[in-house]
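Chains as they are written, first to last, in this note's numbering: chain A, 1 to 196; chain B, 1001 to 1294; chain C, 2001 to 2673.
No lab work stands behind these hints: they were computed from the structure. Hints may be right or wrong, so weigh each one.
[Unchecked claim] As a list, the in silico EDC-like pairs of lysine to aspartate or glutamate whose alpha-carbon atoms are at most 16 Å apart: (1) C:2412 to B:1282; (2) A:176 to B:1035; (3) C:2486 to B:1035; (4) A:179 to B:1038; (5) A:176 to B:1037; (6) C:2346 to B:1162; (7) B:1107 to A:180; (8) C:2346 to B:1165; (9) A:117 to A:75; (10) C:2398 to C:2483; (11) C:2412 to B:1162; (12) A:131 to B:1038.
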Amino acid sequence: MASPEQQETGHGLDQHAPAELKDEVAALTGANPARCYQCGKCSAGCPMAVETSLRPHDILRLINMDQREKLMENDSIWLCLTCETCAARCPNSCDPARVIDTLREMSLASGSTAAPKAISAFHQAFLNQIKSGGRLFEVGLIANYKFTGGALLADVMTAPGMFMRGKLALKPRRIKGVKDVRRIFAACEAAAKEQQ
Amino acid sequence: MKLGYYPGCSMHGTAREFDESLQAIAKPLGLELTELDDWSCCGATSAHATNRLLGVALPARNLALAEQQGFKDVFAPCAACYSRLATARHEMQEDAKLDAKVKEILKRPFSNSVGVMNIVEVLRGLIPQIKEQAVQPLSELKVACYYGCLLLRPAEITGFDDAEDPSSMEDVTRATGATPVEWRMRTECCGGSFSLSRTGSVVRLGRAVINDARAAGANAIVVACPMCHSNLDFRQQAMGQREGATEMPILYLPQLVGLALGLSPQTLGLKRHFVSTQPVLELVAAGAAKGEVK
Amino acid sequence: MPRIGVFICHCGENIARTVDVKRVAEALAEHPGVAYSTDYKYMCSDPGQTLVKQAIVEHKLDGVVVAACSPRMHEKTFRRAASSAGLNPYLCEMANIREHCSWIHEDREEATQKAIELTRMMVEKVKYNAPMQAIRIPVEKRALVIGGGIAGIQAALDLADGGAEVVLVEKEPSIGGHMSQLSETFPTLDCSQCILTPRMVEVYQHPRIKLLTFSEVENVEGYIGNFTVQIRRKARSVDEDLCNGCGDCIASCPVKKIPSEFECGLGKRTAIYVPFPQAVPNTPTLDRENCTLFKSRAKTGKDACMRCQKACQRGAINYNQQDRIEEFKVGAIVVATGFQLYKITKEQPRPGISGYGEYGYGTVPDVIDGLQFERLASASGPTAGKILRPSDGKEPKKIVFLQCIGSRDCAKGIEYCSKICCMYTAKHAMLYRHKVHGGQAYVFYMDIRANGKGYDEFVRRAIEEDGAKYLRGRVSKLYRDGEVIKVHGFDTLSSEPVVIDADMVVLATAMRAQPNIEALAQKLSVSYDKHAFLNEAHPKLRPVETNTAGVFLAGAVQAPRDIPDSVAMASAAAAKVLDLFSADELEREPTIAKVDATICTGCFHCERVCPYGAVEHKEIRDRKGNLIKVIADVNPGVCQGCGTCVATCPSKSVELQGFTDSQVFAEINALMG
């Protein structure tokens, strides 16, 4: 992991070279991407490997090859389920799951639009709901999601079913400490902007 | 056992029967659930997938509340909430910089002293009580115990069972009198939070899970996570359209325990499922008819 | 008045560039006690040494200080020179004005001043030097070889052929080790037993080799040239002198279903057994844990069965045989105890290592390891050399080989490479194709390590001629699916996930240290690393020696290794031992600890802290033979001169010869004064 001094000087894990993408990732995740020896065990067990163009080991490779753009402009990092299977089995504890989390943060900070619209809309809608009431109001989430880019007509047939089974609360609830929650959001969003 | 109960956002909504069944079995098993006052959302996947600090601060708020409210442990039945709370606790212990930053943001005294427990380990701890109170023979019921991913991984954070070869849910199942089957997709992901945003993936992954459970001879799949339940139950119709296979009821673990304790289907929220639980109830009745009381 | 000669070396430019050597020589010439002081370009050269020798004679020097490089370089050189001029070598010291001065300073004035001070310090020390003689200890020309695998066998034969007596101890009932379990060896595909058994027989028949099988090292005492070892001869329940190896006892034994250790659990043996037909010696051994008679003895006190005794026509079966201890005096020990294979089970023999839950923790049928595959492939194995599934005896049409199971896996606790698996996996793929013509081998690998003679060509043959499909990637998980084993892997070269329905899976598991090797290492005072591989004295230049004088290493006990390297190492160790035995006496440096018997009180703190066990107890008696006191006494053969006892002794009764308090304080005072 890049030490605070290394981060300050701009030098990476290798004292003699300037900081690269892998150093940034190492500093943010605590795991050194150079440990990856491309065995592919992560990709072999990844449930989304059949749907992504970049698999976990490809992502580690591109990090080590300093290919920031290729990573940020690819939607693969957004298709990660965060199921942690890769991290559980990696022989070198490279923690691909955490690395991919970090890449998503970096991608957002860089203003990339590579995230699939639906996934991006969902995360936004979810977080908006929490900011609004402190807890998730599911109907609000669905409405918000559909209007911000989710498939408008999908699940229309099943929504009544949810309601009939008493599984959709119609009244949004606001917790007492909602200001507390909003403050947390503000502070975290500000911190993310600082990193840009 | 007095635990700080953290229901999580879905408990009063789409996972209502999870909460209902849990509340129903709590009293007979001597489980005191005191809901955390003014708890807020843990952030689930969306927070940690887009902002690490947010992904830790949101659950940390709840841990801080629990500490202030005098709880030694927080119990989160939803596997995702459990994972976020336990991860926040772990990350703050391991990363001093993060710990300082989060505490600064929380503006609340917090010494990270609260433990986090999930539904499987809580019920595992109550196995003697379950065995003692079980009145309904579930001997005709074969279930596939589905752990999903977040209950067991990362192992440094969860640690209550072997991540590749867990047995705690099977132990609880055996205590109810039902038979756990041996099957392979026990720890494979159901598709998690992609239910709305990438339904196709969820359908693909869920189908594999259900097919394997079926091939192993299970009458039902038992889950411990509202997302797993939703992906396997709510989305099962989408899977079935292409296979034309028979339906597989999806039960929450407390529902299984509740059936053993002789509680009514109504009380346990068994009418709220998308895939009818009637076949399970019939098997329970068959077991009762055989008269094999433990 | 002392007459000390001081010689300042220029060391070409190494010293002279930074230190004004002439000025140092001049300063020392003024120093009290210095009879002669000069400088020279290369003191270690012939003329340089001659300078020293001549000065000793001409100026009647009684001490010499050479201010030059580190004593680790040339102390021996100058001491030899002094000796040849008639001066006791231990009256010659070196002052290091190179590594400790000219090489680390830039300021000429400061460096020169420092060089002067360093040299003055040594001059003051030499005034307190006493002449010493090298210590001579006798050498017992018998070697103990621990372990009867290929390394132990090679070492024993080389030693015995070289004229030494050998005691070869093997804990199993037969020698041969893992090599006897192999079917064919790479890269020649020689039949393993065919090349091994002649050596085994040679060991058995060699007049200078005493072969003790089913025996273990119980205790080791002593020091190089003079070890006393106790060997536990475990009770076979068979009298080795009476037994003629007819095998009637084995045929009569009713207990036939014990999983055979030699067959790696794939075959069965009887309670009284010989591990394999070519075992040496051919004497059966009775497994008391599984024997009906011993079980009934333990339960009821009565003897049951006794069929083997009845069947034996030579009266060789003895149920009352006890373990016995035999003692030997040996001059050197060669440790050749080999390795064991890592298992992927949940329970592990050592802490810090995990099993492979993703591969089923060893419970999935037809998932075997490399040694088990060797037994299947062996003509004398449980399937007579046919590759058949252990679960149902069917011939597998698809075998998936997984390399690096355990090895190179930091998360599981084993970060090293096991060296042999790439080669034996290629061999397995080839043997499989030769035996099952339509069979398809898949090999999941990360890298191919084939760096011996003919090795890379061997692996290429497996791929190019024998059709093995090599997939570069690891397997995430495998599990049983009906009749097959589903293997989920990845091919990183074509960037595709690969799922194979395998009939059998062979895991190339890591080479690990033997169980409980730590206990043996401690008996020998040999250190080991965190994986319990025994440590060599220096990884580059002293690979077969250990830091304990007289104990040598051969084979996989030190690190993963294949047969040719093990054999080479065994011969090297034997050469070192024969070198040791080539003189009748051993010479050792006299810079060791010595106890002043008059003031030692016998508290034995020194004994407690001595890392080498060099402190003995000595009785001091009066003329009538009454005991006055028991004091500490340093064994000159074992002491390594580390000085720990000197630092510990509360009464200052022990001093390090050549580094006494007077000498050290003289140096310090010279610096201060």
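Going through the hints against the structure:
1. Using a Cα cut-off of 16 Å, the hinted pair residue 2412 (chain C) and residue 1282 (chain B) is violated, with the two alpha carbons roughly 46 Å apart.
2. Restraint check for residue 176 (chain A) and residue 1035 (chain B): the C-alpha separation of about 15 Å stays at or below 16 Å, so the hint holds.
3. Straight-line distance between C-alpha atoms of residue 2486 (chain C) and residue 1035 (chain B) comes to about 45 Å, which puts the hinted pair past the 16 Å bound.
4. The suggested pairing of residue 179 (chain A) with residue 1038 (chain B) holds, with an alpha-carbon distance near 12 Å, which does not exceed 16 Å.
5. Taking the CA atoms of residue 176 (chain A) and residue 1037 (chain B), the gap is near 9 Å; set against the 16 Å cutoff, the hint holds.
6. A threshold of 16 Å between alpha carbons decides the hint, and for residue 2346 (chain C) with residue 1162 (chain B) the separation of about 9 Å falls inside it, so the pair holds.
7. A threshold of 16 Å between alpha carbons decides the hint, and for residue 1107 (chain B) with residue 180 (chain A) the separation of about 9 Å falls inside it, so the pair holds.
8. Between residue 2346 (chain C) and residue 1165 (chain B) the CA atoms are separated by roughly 9 Å; this keeps the pair inside 16 Å, and the hint holds.
9. Distance check on the hinted pair: residue 117 (chain A) and residue 75 (chain A) sit about 10 Å apart at the alpha-carbon level, within 16 Å; holds.
10. For the hint pairing residue 2398 (chain C) with residue 2483 (chain C), the CA-to-CA distance comes to about 12 Å; that is within 16 Å, so the pair holds.
11. Taking the CA atoms of residue 2412 (chain C) and residue 1162 (chain B), the gap is near 14 Å; set against the 16 Å cutoff, the hint holds.
12. A threshold of 16 Å between alpha carbons decides the hint, and for residue 131 (chain A) with residue 1038 (chain B) the separation of about 15 Å falls inside it, so the pair holds.
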